[in-house]
Amino acid sequence: MVQTTTKNGIIVAKTGNEIMAEAMRQIAPDVVAAYPITPATEIVQIFSQFVADGLVPTEFVAVESEHSAMSACIGSSAAGARTMTGTSSQGLALMHEMLYIAAGLRLPIVVALVNRALSSPINIHGDHSDTMGSRDAGWIQIYSENSQEAYDNLIQAIRIAEKAKIPAMVTTDGFIISHCMEVVEKIPDEDVKKFIGEYKPERPLLDYKKPFSVGAIDLQDYYFEHRYQLIDAMEKAKPIVLEVAEDFKKEFNREYGFYEKYKMDDADIAIVVIGSAAGTAKVAVDDIRKKGVKAGLIKLRVFRPFPHKELAQELSNLKAVAVLDRCDSNSGAPAPLYLEVTSALYTHCKSECPKVINYVYGLGGRDIDLHHIAYVYDMLGKIKTGTQIKKVVNYVNLR
Amino acid sequence: MANLKQLSQKEELFTGGHRLCAGCGAGIVARQTLLATDTPVVVANATGCLEVASTIFPYTAWKVPWIHSAFENAGATCSGVEAAYKSLKRQGKIKDEIRFIAFGGDGGTYDIGLQSLSGAMERRHRMLYICYNNEAYMNTGIQRSGATPRGAHTTTAPAGKVKQGKEQFRKDLTAIMVAHNLPFAAQASIGYWNDYITKVQKALNTDGPTFINVIQPCRLGWGYKPEDTIQVGKLAVETCIWPVYEVVNGKYKINMKPKEKKPVTEFFKLQARFKHLLKPENKEIVDSIQAEVDRKWENLLKLETL
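Chains A and B supply the protein sequences, listed in that same order. Under our numbering, the first residue of the first sequence carries the number 1, and numbering increases by one thereafter. Under our numbering, the first residue of the second sequence carries the number 400, and numbering increases by one thereafter.
For reference, chain B alone in the conformation it holds in the complex:
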């Protein structure tokens, strides 16, 4: 468990002054991640909002060593940094312990970077890969990704006269990562700082490849008021649309079970991207989403008992 008082006294390693939007969840992810570290870290960042907004030359928001090379390769780039560390440590040229963290958005992780991530995890590099998941290509202007939920309006799967946003359900990337037999894989939400920071700490203390998929509301792409980011992040969990759980060496543990599962429409209501779904003629779509959320939640409850 993270201790808020202690955290408040730690040096901020992700500083203010970056150019992320007001209310952006990506900055919260970066800041809380670095607050969770106790060992020196090197960060690799895929191209995306977090990267472009935090390192506009000659400025940088990062007070830790940071590297960005391209979009689809945060896993591979971080692999290289970690391999260099292993080699130089083995040769006695480096003495200190260093940890490695890669950040990729959902586009850079679910889609274009999936191969690179899979390779890095399979090779068992000791790194924590964090997918800051805002469910679309936000940096290029809200295009649909493999993480975009069914029914959401995006600029490449828009709601129109004959289509009602994305037609497909998103892929279950966390399950794909679990299938890599990682010692630690988790889902988190920025609605719950303590759960998230605890997970980052657990992952960094794990000797092996680790993965956290953190839902990160995007006020611009999701269409809500900047001050509602945390509330939206909580609603994703309370509706069971985004369960927060961890899988440690194959063993599932759900970190938060809502006392009363809220209907998915509670999550939709706050967001412009789902506005069209609330029309009576789209009830069938909402029902299909609710059914899928229920099915996955039940499945997760079963997995926890295994």
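Here chain A stands alone, though its shape is the one from the complex:
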């Protein structure tokens, strides 16, 4: 018998996509504009059935491309409607131009995103190249380890985005979460509604009696200040993420923050990882701890805003850290998460920094299993005892 964390919790068996669609039904946005793309298609497909069955008041706009999906979301959100979409991979890449505009216009659009590799070669399976490619677009990015987190994160994202006035994307790993059926605890509809509250846009375009121009041209005299407002808003989104998580815990008894710490209290080596691989890594930590190794794990949940200082504090006393990236930066430098983590450590470490090594894994959905992660912890053990890091970037399960 599965125990619920709250007395009204409803236990269901759902795939990641099904539960994200279910969260969207409960959120009941005014407008959803979307375009199909594997492996995210189901989210909006299931949702459009909710629309067809009259379960939501949503206007569903079945656009002709992801570029138009985000463009329509921008129009809708600026008009004053609570607006959502879903996409993945090439779809997010096609939206790229519009992501910056959504953020610059400070529109709290929320995207249910399924992580998938980017072409070429074409591949439909999960890695983080797509969202890492838009990491500087000015969007809040929240990653999920499993369907439960995807559900909880999507509901929280509405409140975070609307309070911070920054768009947000909540992600799951393609197929690994999107198509995997798991036990999820749902929140009753009325409680979701209460938690997210009614959307009250500050200055909707449809308020024609108070006309104003959205998306005017800024030249040298204003652009910098307006972009700074976005930079500042991203910084200010940090306490908002924590506030919303605290409220969520109070209401539904499930705990969230910038990251989850797993057996970190006495750890001297640790892995930092994002998404579904964290589940596997936790099992690896349990296994290795049986051998007396003080292994820990940090699963990053919120990549944007990046908890620079907080993460550095968690890691600074360790001897060795491995950063696992499901993405490469193709830049001649290490992968994105490694760059953020080492930057955080270099900036905030008071004394000696831990040694940090980068492992790129799982591109195009390549498996990562327990023995791969055990190998990483073995390496960390060696680095801890003095083995030099010869190669900063290493590749897991690459032939």
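Treat the hints with care, as some may be off.
[Stated by the list, open to error] In silico DMTMM-like links for lysine to aspartate or glutamate, alpha-carbon gap of 20 Å or less:
hint: 1; chain 1: A; residue 1: Lys-200; chain 2: B; residue 2: Asp-495
hint: 2; chain 1: B; residue 1: Lys-492; chain 2: A; residue 2: Asp-207
hint: 3; chain 1: A; residue 1: Lys-210; chain 2: B; residue 2: Glu-410
hint: 4; chain 1: B; residue 1: Lys-462; chain 2: A; residue 2: Asp-218
hint: 5; chain 1: A; residue 1: Lys-209; chain 2: B; residue 2: Glu-496
hint: 6; chain 1: B; residue 1: Lys-492; chain 2: A; residue 2: Glu-202
hint: 7; chain 1: B; residue 1: Lys-488; chain 2: A; residue 2: Glu-198
hint: 8; chain 1: B; residue 1: Lys-494; chain 2: A; residue 2: Glu-198
[Said to hold, decoys possible] Heads up, incomplete: computed chain B residues facing chain A, CB under 7 Å, no partners named:
hint: 9; residue: Val-441
hint: 10; residue: Thr-454
hint: 11; residue: Ile-466
hint: 12; residue: Asn-472
hint: 13; residue: Ala-475
hint: 14; residue: Gly-479
hint: 15; residue: Ala-483
hint: 16; residue: Ser-486
hint: 17; residue: Ser-515
hint: 18; residue: Gly-518
hint: 19; residue: Trp-592
hint: 20; residue: Tyr-623
hint: 21; residue: Pro-625
Hints listed in this document are in silico derivations from the structure and should not be mistaken for laboratory results. Every residue gets a Cβ at the ideal spot worked out from N, C-alpha and C, and that includes glycine.
Using the hints provided, position chain B relative to the given structure of chain A.
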């Protein structure tokens, strides 16, 4: 029919003080469009001359709600605004009637924005899409577009020693829009304010997606004197280079039939972009353009009888 006296008493919703060129037709399009409205409107604008010159922050020439997001997506952006309106109206959160107008230049409509426009029209959003067509990418400095006519000099299809401007004929965007089975699609010219305003009014009163392709002479890109904008706009119609017509639920009606069709060279003579065509060695090009104008005009006359 629009009534000039009544129009003159209406509030200007597109104000002066914008930074469009002297003699620019885009400002005339925007002003006349908003003068034609009787219901509140929200405007979506593609990136282009009209957008950059009318909203240099912290100023705006628009006294109606206005949104610009990017270049290729006025259709999609306007779709989103209209979808929000439909949703909020259905939910009782908005009571009033509001209409939606999207403006895109020819580059933002014929070329980069064609997919977005096609999608918006196919989805039957109630919006009026107006292509203010100046036949090239004027905002970036007169580059050729899918709307640029054959023979015109532009900076990316210039007249030179071996080439004489754009080699291809323009695409027939209005026909493409008619093929979307719109309840109202039209061509207009800023040379004829009454015809244009009447069309905007008809379009806004149509429950469905509507489209107007309005020829808008550009004094800089076309190379004529600023005070000649209206005359050039009229000549486009009098030569049948740009027939003004409307298609209501598939039925064609030509709004103006010149008593005497002027030769295309009458249109060319006023404009620097066609100067090279008037050289004797380019007569073949002029003849080919005249033949195409004649063929299309005859075809339009036939369409009207269907």
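Taking the hints in turn, this is what the structure says about them:
no., hint, in the structure
1, A/Lys-200 / B/Asp-495, "18 Å, holds"
2, B/Lys-492 / A/Asp-207, "11 Å, holds"
3, A/Lys-210 / B/Glu-410, "16 Å, holds"
4, B/Lys-462 / A/Asp-218, "19 Å, holds"
5, A/Lys-209 / B/Glu-496, "12 Å, holds"
6, B/Lys-492 / A/Glu-202, "15 Å, holds"
7, B/Lys-488 / A/Glu-198, "16 Å, holds"
8, B/Lys-494 / A/Glu-198, "18 Å, holds"
9, Val-441, "6 Å, holds"
10, Thr-454, "4 Å, holds"
11, Ile-466, "4 Å, holds"
12, Asn-472, "4 Å, holds"
13, Ala-475, "4 Å, holds"
14, Gly-479, "3 Å, holds"
15, Ala-483, "4 Å, holds"
16, Ser-486, "4 Å, holds"
17, Ser-515, "5 Å, holds"
18, Gly-518, "3 Å, holds"
19, Trp-592, "24 Å, violated"
20, Tyr-623, "27 Å, violated"
21, Pro-625, "23 Å, violated"
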